[in-house]
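Asker: So the chains spell out like this:
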Amino acid sequence: MNLTIREALLTFRRAPLLSALSVTTIAFSLFVVGLFGLVAVNLQDALRGVAERVEIVAYLLPGTPIETITLAEKDIEAFPEVQSAVYVSEDSALTRARGELVEFRDVLQELERNPLPASIELKLRPRFRDAQHVNEVADRLRGFGFVDDVRFGRDWVEKLDRLRQVAAAVGLVVGAAFAVVAIIIIGTTIRMAVLQRSREIAIMRLVGATDGFIRRPFLLQGAIKGLLGGLVAMGLAYGAYTLINRWLIQAAFFSKEQAVAIVGFGTLIGLFGSAASVGRHLRRV
Amino acid sequence: MIKFTNVFKAFPKGGLALKDVSFHIAKGEFVFLTGHSGAGKSTVLKLVFAEEPVTSGEVRVSGFNVAELRRKDVPMLRRRLGIVFQDFRLLEDRSAEENVAFALEVTGARRSTIPARVMRVLTQVGLAAKAQAYPRELSGGEQQRVAIARALVNEPTVLLADEPTGNLDERATRGVFQLLRDINASGTAVLMATHDLDLVRQAPYRVIELQEGALVYDSVVDEPRDQAASP
Ligand SMILES: Nc1ncnc2c1ncn2[C@@H]1O[C@H](COP(=O)(O)OP(=O)(O)O)[C@@H](O)[C@H]1O
Ligand SMILES: [Mg+2]
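Which chain is which? The protein sequence lines are A and F, in order.
Heads up: the first sequence is residues 1 to 285, going by our numbering.
Heads up: the second sequence is residues 1 to 231, going by our numbering.
Note that these hints are calculated values from the structure, not bench results.
Keep in mind it's a predicted model, so treat the numbers as computed, not measured.
Cβ atoms here follow ideal geometry from the backbone N, Cα and C, with glycine treated the same way.
Keep in mind that the hints are not guaranteed to be accurate.
[As the list claims (entries may be wrong)] Straight-line alpha carbon distances no greater than 20 Å define the calculated DMTMM-like cross-link-like pairs of lysine to aspartate or glutamate that follow: (1) F:K72 x A:D211; (2) A:K123 x A:E77; (3) F:K3 x F:D218; (4) F:K3 x F:E29; (5) F:K46 x A:E77; (6) F:K72 x A:E200; (7) F:K19 x F:E51; (8) A:K123 x A:D45; (9) A:K74 x A:E121; (10) F:K46 x A:E200; (11) A:K159 x A:D130; (12) F:K13 x F:E51.
[What the hints assert, rightly or not] Over 10 Å on every C-beta distance to chain A, these chain F residues come out as not near it, computed from the model: (13) K13; (14) L16; (15) F49; (16) M119; (17) L138; (18) E155; (19) R171; (20) R201; (21) E212; (22) A214; (23) V221.
Construct the entire structure; sequences and hints are all you get.
Answerer: In structure tokens, the structure reads:
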């Protein structure tokens, strides 16, 4: 077997406790990052679900000719922000009302004249579902002569905006904090592994081993620890997710790509943590 | 082979450890480096194997200009040297043969050649029978023989020995010294730092003496003295 690989693996046998400690600390720091990620993923999902319902309704003046409306609908659909624009005629508004407002069916049934206006209902593309764009589109709609009124949940869109900003800021700060903590912990455990082997490193240098040769087993070892830590963290996160799902709320888990990214992140942390530790050690001797 | 020309060495904290030291050691020579504790013997050796930077002057070691050696070339220099110390510096969790093999493995020797080369040097130092023993199972003299085997296994042109008998009793000292003489007889130059003057008197070798960092005596250029006279 290649000496680098053998040396890297030997560490796990020579210092099983220290290795287990490193893997566990990496696993727990990544687990915390992961839990936070899960909350973020679910919050994102929830926000997206809520944003789904961001809708702008343009009520039309009675008697607007259908040709004008059809043309306008085309125009509106061509707005870059708009995902769909659907014309709801006076009649279908009434039909819908009858279907949705069951309690008032009788009243609605007996009406002589349809009091409901026709409208165009707009849905925006996902990335435009915020207060600024909603307002812009609403203003543009008011510019059409036959538009009587434009409605959207203004307060609600603004709240959604604020919620998004808070979620992003908190996610960034807490996520970064835990990532930094994870890097420090991993750097420290690798540093202990380096110190534990400082005699060996000194002898390697004495007999003429190159720095690269000395460094390699530690890098591999760090990467393996990071990888194992990432996998354990992912397992723990999945356990937590299963529990939450069963007892608390329906939640989402990471996508396959996100899971791979987190494990890869663990591996990178292990790699860079050990590179930093070994590098510092070699520079001093 | 080893050539010091007007070498000065100052440590960051501490005075001058070497003051204007010049000497030339030829291929295959055996040279004692003597002097009281703190005279600068270890410092001379550290400059030879580039453990410490040269403050000024020129140090040449088997074709390497050590004073100007870049860090990445240091391993190449060390592969030409064998180095042993007073405290053996063996790895406790490896057997004698593993300690020796280590020097080959980490310098990229062909794996298939390692066992034979290891056995050959262990035989040379008289420890073939204890190849599987761990350092704690060996006497001081035997541990030093393992260290010497490790130093020899890369076939160095020079063996540097810093007080190699400093931790040994008289009997083991004689054995290890004889081994160094044998190694020298087979063509390897030996530069041995020691303050054991009994040992120095035992053999007709060249003596370089340091005093407070200055070279005060070199038996090749100076008149022979009683102290270092050959028997
Ligand atoms: N790393 C160091 N830093 C400062 N001073 C040192 C260092 N190493 C050695 N010295 C000083 O250099 C002088 C020579 O030391 P050394 O070469 O070890 O002597 P010797 O081996 O002859 O006993 C001593 O005065 C010692 O204190
Ligand atoms: Mg000394």
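Asker: For every hint, state whether the structure bears it out.
Answerer: Hint check results:
no., hint, in the structure
1, F:K72 x A:D211, "8 Å, holds"
2, A:K123 x A:E77, "10 Å, holds"
3, F:K3 x F:D218, "14 Å, holds"
4, F:K3 x F:E29, "13 Å, holds"
5, F:K46 x A:E77, "81 Å, violated"
6, F:K72 x A:E200, "19 Å, holds"
7, F:K19 x F:E51, "18 Å, holds"
8, A:K123 x A:D45, "18 Å, holds"
9, A:K74 x A:E121, "13 Å, holds"
10, F:K46 x A:E200, "19 Å, holds"
11, A:K159 x A:D130, "10 Å, holds"
12, F:K13 x F:E51, "16 Å, holds"
13, K13, "16 Å, holds"
14, L16, "24 Å, holds"
15, F49, "8 Å, violated"
16, M119, "18 Å, holds"
17, L138, "17 Å, holds"
18, E155, "12 Å, holds"
19, R171, "27 Å, holds"
20, R201, "31 Å, holds"
21, E212, "28 Å, holds"
22, A214, "28 Å, holds"
23, V221, "32 Å, holds"
Comparing the model with each earlier hint shows violations of hints 5, 15; every other hint is respected.
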